[in-house]
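Per our numbering, numbering through the sequence shown is continuous, rising by one, with the last residue being 203.
Check the hints yourself; a few may be wrong.
Stated by the list, open to error - The calculated DSS-like cross-link candidates involving lysine-lysine, where the alpha carbons are at most 25 Å apart (straight line), are:
(1) 165 - 59
(2) 139 - 161
(3) 122 - 59
(4) 182 - 161
(5) 69 - 139
(6) 200 - 79
(7) 122 - 69
(8) 165 - 182
(9) 164 - 12
(10) 59 - 69
(11) 12 - 59
(12) 59 - 139
(13) 108 - 165
(14) 139 - 108
(15) 9 - 83
(16) 182 - 83
(17) 79 - 9
(18) 182 - 164
(19) 122 - 79
(20) 79 - 182
(21) 59 - 83
(22) 122 - 182
(23) 79 - 12
(24) 9 - 200
(25) 200 - 69
(26) 12 - 165
FYI, nobody ran anything at the bench for these hints, they're computed from the structure.
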Amino acid sequence: MSNYTFSSKDFKVFEVPGLEARMAEIEQHIRPKLHQLGEHFADFLSTHTADEFFMHIAKHARRTVNPPKDTWVAFSTNKRGYKMLPHFQIGLYESQVFVMFGVMHEAKNKTHYIEVFENHFKDIENLPADYRICVDHVKMDKPLIQDLSTEDLEQALSRAKQLKKGEFFVARTLSPDAPELKSDQAFLDYLEDTFEQLLKFYP
């Protein structure tokens, strides 16, 4: 069985009704892979930066009724959490794998971290054609950067900086049938390539 990549069965976990039943499926089928990805990329990011990274697998502990629509592993330089810092994520919805780097609205010094993106504005615009932005981490919608005007991108960054709930991530996504998911090595190669691009924006 694959240790890293996601299969069609993994995506079907999000069709399971009920919080308890879906969490049991996530625990059995998806979390072991998130853990393997977490170990691999905590090491990868620590090697490629001057900082030590820690993995944080989503627990969904606050949920009492509604089952999660997605799940993920995040990477930050804080052993206790990730939401307060710029961080990387690998996760999946029912119809999407996502990889991203950025800041949530909870981030301390959010203005400073958004300015790092602003200072690399041309790098964002010049990313390969399949890169996207995410301005709300709880939504699957992530528009392609190439479909946005310069003004659209400037506004997204400005809103992230000025609004209390503002967020900004640079992201990349795969559909469940993507060739990059057909083998562990193909998936790891894709993720490593993505992280190397995203590291341009690491402060």
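Honestly, which of those hints from before does the structure not fit? Violated hints: 3, 4, 7, 8, 9, 15, 16, 17, 18, 19, 20, 22, 23, 24, 25 and 26; rest satisfied.
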